[in-house]
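J.: From first to last, the protein sequence lines are chains A and B. Following our numbering, the residues of the first sequence are numbered contiguously, the last one being 116. Following our numbering, the residues of the second sequence are numbered contiguously, the last one being 351.
Hints were generated in silico from the structure; no laboratory data involved. There could be a bad hint or two in this list.
[To be verified] The calculated DSSO-like cross-link candidates involving lysine-lysine, where the alpha carbons are at most 27 angstroms apart (straight line), are:
{"hint": "1", "chain 1": "B", "residue 1": "K222", "chain 2": "B", "residue 2": "K205"}
{"hint": "2", "chain 1": "B", "residue 1": "K86", "chain 2": "A", "residue 2": "K9"}
{"hint": "3", "chain 1": "A", "residue 1": "K75", "chain 2": "B", "residue 2": "K159"}
{"hint": "4", "chain 1": "A", "residue 1": "K75", "chain 2": "B", "residue 2": "K86"}
{"hint": "5", "chain 1": "B", "residue 1": "K120", "chain 2": "A", "residue 2": "K12"}
{"hint": "6", "chain 1": "B", "residue 1": "K86", "chain 2": "A", "residue 2": "K74"}
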Amino acid sequence: MQIIINPHKNLKIPIWSMIELQGDLQSNEKAAPFHGKIIGDLHYNLEGEPMLIIGHHVLTGRVAKLEKPLAILKKKQKEDEFEVTEYEVQGMVVQKLLFSERPRPIVANADAIFVK
Amino acid sequence: MSIARRLVLEYLHSIAGKHLHLRYLLSSRLNITLEGNMNNDCPRTREDVEKTLNEAKIKTLVLNPCTQILKFSEEEAAYTCLELNKELLETLESGQCLVIRGDKSENAVLCTINKTFELKDTETSNSLLIIKSIDNHSELKYLQDNEAEGRVELRIVDKLVHNYLEPRLCRPHLQIVRQLLNKQIFKGQENERNVNTYDLYSFDKLLTTVQASEEELLKELKDLNAIEYNGFWRLLDFEYHFRVFSFITTFIEQESIPLDKINMEMCSNAYEEIVPKEIFEQVFKYYTEPSENMPGYYSLNQDKVCRMVAESLLKDSRKFNLDEFLPVWQESVLPGNIQFPSMRLRKITCS
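Same shape as in the complex, but just chain A:
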């Protein structure tokens, strides 16, 4: 059996991005937990350090270069089952925004920020 990984149609692989969070994201909803949900606000301070606000946490991070680039592959739709399975390179991540520091909780004021 062979599975083909095709190069990007432009040859030069477009640069994609990645955010790395130390931990898990959890959602209130059980079914289709993440689809279409807002994650948070991404800011940069004037020194270029990224800051992410998720829920009531503030995460500070840094830009980190990946040791080796990570290619993002997408499976090609097969017209019939006898075709060879193919993947296509969509993009390549070379650097990430790494949030590995302990998040700082936001202490909410009396006016609740949750709108349900």
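Since the structure of chain A is provided, determine the placement of chain B on it from the hints.
T.: Positioned in the frame of chain A, the structure of chain B alone reads:
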């Protein structure tokens, strides 16, 4: 290092029932113009963002005024992540494909044209959010000059992953090649009608089973002395091989050809009734090298000739006293013309 922390994802606005009439300027730069983003209204406004910053006691003064709102896509993208080393990246960017080979029951290997890599499924406890593009600080800074006030832009997160494929250079798995070719050893054209084509392997068919790159597979075929005949790779039956070998040596002897000026064409023509040219020439090329003295002609590889003779002598007899063997061997090889120093003997017998 990685302690599992739970970050709770909360809705800050309920989307249902809220009429989002504000549209935010998206970047005019090409790599930000994502069709997905264009269709989505940004679910958070400048005011929302500033309110959150206020609650977090963060001053907007210390921040780049552009904020990117991260949101998961409606449908999860079917993406797989593959770590690229130098060879893999070069292969892809030069327009060549990578091929994963193996049986469903085997561990997958990834191949370039000449290297084989084991694929490890690597898991991390961290969450990796894959996003087509996020502006970095320097890109946002540039935009800032055109804008009067802070901008809020939507960025879609295509997928959250914990796994990626990690390739590690490995030896190709070539033991199976001999096994496959042994199914239908070539014993002569007369025998071919008994052969089941289903058990024959072309180079392409071998690649669907053998976990190796093309160049590594080709080298293995050459090392096995396999020959390509009618599009299929075959191992030659020893008797048949020896017959072809004998034709070559007989021809040289009979025509009294100098050992470094052998004409392949003439040789193969002489036997084309008996041995298909395709096979003859491949065997011929095994026992010869292109002649240095006369381009277009071939020189006999004396080591290989001696080895073949030795092999045929030893094949049938179980035991052969070295003292008795040596003279017999010497005589069996082409008399007179071939140098037979004892050094060669030792080299060949030891292998």
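J.: Each hint should be assessed against the structure and marked as holding or not.
T.: A quick look at each hint next to the structure:
no., hint, result
1, K222/B <-> K205/B, "17 angstroms, holds"
2, K86/B <-> K9/A, "19 angstroms, holds"
3, K75/A <-> K159/B, "14 angstroms, holds"
4, K75/A <-> K86/B, "23 angstroms, holds"
5, K120/B <-> K12/A, "25 angstroms, holds"
6, K86/B <-> K74/A, "21 angstroms, holds"
Going down the numbered hints, you'll see the structure goes against none, and every one checks out.
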